[in-house]
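Trainee: The chain contents come next:
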Amino acid sequence: MVVTAYALVQIRSLFAVAMMSGIYSLLAASLYLVMDAVDVAFTEAAVGAGISTVLMLGTLALTTRMEKVTHKPGLTPLLIVVATGALLIYATFDMPPYGDPAAPIHNGVSARFIERSGEEVGPPNIVTSVLASYRGYDTLGEVTVIFTAAVGVMALIGRGRSRRRKKSDDPEAPNT
Amino acid sequence: MELITGLFNYWVVVFLMMIGFYMVISHHNLVKKIVGLNIFQVSVFVFYISMSKIKGATAPILADGIEVYSNPLPHVLILTAIVVGVATTALGLALTVRIKDAFGSIEDDEIEAMEIEECVAEDVDANGKEASP
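Protein chains in written order, with the working numbering: chain A, 1 to 176; chain B, 177 to 309.
Be careful, since some hints might not be right.
Chain A side only, calculated, beta carbon under 7 Å to chain B, not exhaustive [claimed, not checked]:
(1) Leu26
(2) Leu27
(3) Ser30
(4) Ala37
(5) Ala46
(6) Ala49
(7) Gly50
(8) Leu62
(9) Met66
(10) Leu88
(11) Ile89
(12) Phe113
(13) Val130
(14) Arg135
(15) Asp138
(16) Val143
Taking CB as the label site, the calculated pair distances span [as the list claims (entries may be wrong)]:
(17) A:Val109 x B:Asp299: 54 to 62 Å
(18) B:Phe184 x A:Ala102: 13 to 21 Å
(19) B:Ala239 x A:Ile80: 17 to 25 Å
(20) B:Ile292 x A:Pro96: 21 to 29 Å
(21) B:Val300 x A:Ser30: 56 to 64 Å
(22) B:Glu293 x A:Pro77: 36 to 44 Å
(23) B:Glu298 x A:Ile89: 47 to 55 Å
For the record, the hints were derived by calculation from the structure and aren't laboratory data. For clarity, every value in this text was computed on a predicted model and none was experimentally measured. Every residue, glycine too, gets a C-beta built ideally from N, C-alpha and C.
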């Protein structure tokens, strides 16, 4: 996964970048599977590796295939990144070790979800009951976000696109 | 040794996050910037999922004879986040397409140069009009 991410930085052909980001998502999905998050793995494989790649290919078809060759970026971004990374690594020393059942994250409301969701909501999949029942408002908010994004995309490249293009072809045309 | 195995996941997450961050701040191409944001985002997802894992536990699907389940709450949050992430990616790519239409380029340094030129041209225009009457 790290290798794929590094390749993504280096490759200049945007087509290859789209494909590599699909592979990256798929690797992430298998990692989720290993860490017991089967629902998340499904979603990442379908949405992250599938739809994202299609969207990216569509964009490439409408724009350009190659990244422009520029001079090497200076040292500043690298320095910023290394400094931030070092701080984050330092912060991880306060984290509970991986797989620790006593970690603070497991002390909250989750134990109750695991114990009671079977009788209170019904489906054996706890993730489903939490998503649709206990945190239903979250899901409603998610739907709102998706709707807003869809409206935004349609406003940006929907019907207005061909009209605007005509306008930019002929700057003397009167505004309608 | 235990320290290394216990924290290895978080270190990978930090590394991926920094790769994404570097991509966003050092590349001029807008599509590459969006891919960088995606890498960053997935690293945060991996972080959440690795926090929810309990050693020896199974996936949070109720079944007979299983005592320990991994924490389902981060899974729910990340499910939401993945879908929202794709929505924002779609919006970003749509903006890229519009920028390509308007400027004929998706390299942000070129676009910046064009905007500066335009501003200079407008300034000259305005000054000329003021001076003429």
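Trainee: Now tell me, hint by hint, if it's right for this structure.
Mentor: Comparing the hints with the structure gives:
Because the closest C-beta pair between Leu26 of chain A and chain B is about 11 Å apart, greater than 7 Å, the hint is violated. Below 7 Å, beta-carbon pairs count as interface contacts, and Leu27 of chain A has none with chain B, the closest being about 9 Å; its hint is therefore violated. Violation of the interface hint for Ser30 of chain A is found here, the shortest Cβ-Cβ separation to chain B being roughly 11 Å, above the 7 Å cut-off. With a cut of 7 Å, the hint placing Ala37 of chain A at the interface with chain B holds, because the nearest CB-to-CB distance is about 5 Å.
Taking 7 Å as the C-beta contact cut-off toward chain B, the hint placing Ala46 of chain A at the interface is violated, the least distance being around 9 Å. For Ala49 of chain A, the suggested interface contact is broken, since its CB lies about 11 Å from the closest CB of chain B, more than 7 Å. Using the Cβ-Cβ criterion of 7 Å, the hint placing Gly50 of chain A at the interface with chain B is not satisfied: the shortest such distance is roughly 10 Å. Interface hint at Leu62 of chain A: satisfied, since its Cβ lies 5 Å from the closest Cβ of chain B, which is below the 7 Å cut-off.
Contact between Met66 of chain A and chain B, as hinted, is not supported at the beta carbon level, the nearest pair being about 9 Å apart and thus beyond 7 Å. Taking 7 Å as the C-beta contact cut-off toward chain B, the hint placing Leu88 of chain A at the interface holds, the least distance being around 4 Å. Here the hint on Ile89 of chain A is kept, as its CB sits about 6 Å from the closest CB of chain B, short of 7 Å. Evaluation of the Phe113 of chain A hint against chain B yields a held restraint, the C-beta minimum of about 6 Å falling below 7 Å.
Annotation: interface hint on Val130 of chain A holds; nearest CB of chain B at approximately 5 Å, less than 7 Å. Taking 7 Å as the C-beta cut-off, the interface hint given for Arg135 of chain A holds, the closest approach to chain B being about 6 Å. Nearest Cβ of chain B to the Cβ of Asp138 of chain A: about 6 Å, under the 7 Å cut. The hint holds. For Val143 of chain A, the suggested interface contact is broken, since its CB lies about 9 Å from the closest CB of chain B, more than 7 Å.
Separated by about 60 Å at the C-beta atoms, Val109 of chain A and Asp299 of chain B satisfy the suggested range of 54 to 62 Å. The hinted range of 13 to 21 Å is satisfied by Phe184 of chain B and Ala102 of chain A, whose Cβ atoms lie roughly 19 Å apart. Taking 17 to 25 Å as the suggested C-beta distance range, the pair Ala239 of chain B and Ile80 of chain A does not conform, at roughly 48 Å. For Ile292 of chain B and Pro96 of chain A, the Cβ-Cβ distance of about 51 Å falls outside the hinted range of 21 to 29 Å, so the restraint is violated.
About 59 Å separates the C-beta atoms of Val300 of chain B and Ser30 of chain A, a value consistent with the hinted range of 56 to 64 Å. Taking the beta carbon of each, Glu293 of chain B and Pro77 of chain A are about 26 Å apart, not inside 36 to 44 Å as hinted. Range check, Glu298 of chain B to Ile89 of chain A: about 48 Å between beta-carbon atoms, so the 47 to 55 Å window is met.
Hint compliance for this structure: hints 1, 2, 3, 5, 6, 7, 9, 16, 19, 20 and 22 are broken, all remaining hints hold.
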